[in-house]
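Asker: Under our numbering, the first residue of the sequence shown carries the number 4, and numbering increases by one thereafter.
To be clear, the hints were calculated from the coordinates, so they are not data collected in a lab. Nothing false has been slipped in among the hints.
In silico DSS-like pairs for lysine-lysine, Cα to Cα no more than 25 Å straight-line: (1) 105 to 75; (2) 176 to 227; (3) 75 to 121; (4) 174 to 227.
Computed Cβ-Cβ distance ranges for the label pairs, DEER-style: (5) 120 to 194: 40 to 48 Å; (6) 120 to 195: 40 to 48 Å; (7) 73 to 232: 32 to 40 Å; (8) 129 to 194: 39 to 47 Å; (9) 207 to 81: 22 to 30 Å.
This one's a predicted model, so the numbers in the text were calculated from it and none came from an experiment. Ideal Cβ positions, reconstructed from N, Cα and C, are used throughout, including at glycine.
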Amino acid sequence: MRTKALLLTACLGALGSVSLMAQTNVYSLNAVGYINLSLPPGFSMIADQLQSTNNTIGSLLNDASGAYDGVKIYSWGGTTYTTDSGDSLFSTWPNGWDNGGKITLNPGQAVWFSNPNKTNLSVLFLGNVPTGTLPVTITGPSTFNMISSPVPVAGDVVTNPVMNLTNYSDKDKVFVYNNPGGYTTYTVDISFGTAGYQSQWDLPGDPQVAVGQGFWYLTASTTKTFTWTETFSVSQ
Numbered sequence: 004m005r006t007k008a009l010l011l012t013a014c015l016g017a018l019g020s021v022s023l024m025a026q027t028n029v030y031s032l033n034a035v036g037y038i039n040l041s042l043p044p045g046f047s048m049i050a051d052q053l054q055s056t057n058n059t060i061g062s063l064l065n066d067a068s069g070a071y072d073g074v075k076i077y078s079w080g081g082t083t084y085t086t087d088s089g090d091s092l093f094s095t096w097p098n099g100w101d102n103g104g105k106i107t108l109n110p111g112q113a114v115w116f117s118n119p120n121k122t123n124l125s126v127l128f129l130g131n132v133p134t135g136t137l138p139v140t141i142t143g144p145s146t147f148n149m150i151s152s153p154v155p156v157a158g159d160v161v162t163n164p165v166m167n168l169t170n171y172s173d174k175d176k177v178f179v180y181n182n183p184g185g186y187t188t189y190t191v192d193i194s195f196g197t198a199g200y201q202s203q204w205d206l207p208g209d210p211q212v213a214v215g216q217g218f219w220y221l222t223a224s225t226t227k228t229f230t231w232t233e234t235f236s237v238s239q
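Make a model of the complete structure from these sequences and hints.
Answerer: Rendered as structure tokens:
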């Protein structure tokens, strides 16, 4: 899954622009960006790490034009999946999804995206980069959680200063699915010592994720529900 992320910061600038801003009294301190995914045939676990006015599938991936005909979305609810299918020809919904495109894809969530085509399918997400304190609830014990970083950053989930996932428990597991290639499994092993690459995680080391990519988090039998908290500001 190839990804690109661009953050464009709109903020108060030089004195020369102050007069214009004063006249309109409208300005933004948000970081606006896009995530562009190229999804191969088959399954990909995707995430929209941007906040828009409507983070439902019907709004984010409007299929009225037929661009996503045949695509299936699977959202994990803890015990079962909620599904929807792109179907612009026969859907009674104006957004082209059989079940109304009601599945949400907010920052911190993830869904399965099934591409029925023989070629890659492009998905473009637009919106504001989430800022502030950003919690993701991870349910336990012995529970699968389908999640993502709520901020569009890539790399080491543990040592990345934004993701900073360090309050895990012994024997927790992370499963990252890459199409093609399948799953890479990461397992916490507290006996390895301090947090950091190949320190508290069995080989191949700390979990690695891409922008726009979700993953499974499986809590250990003794892990209680906990909160993974990210903190991000435009100045970072």
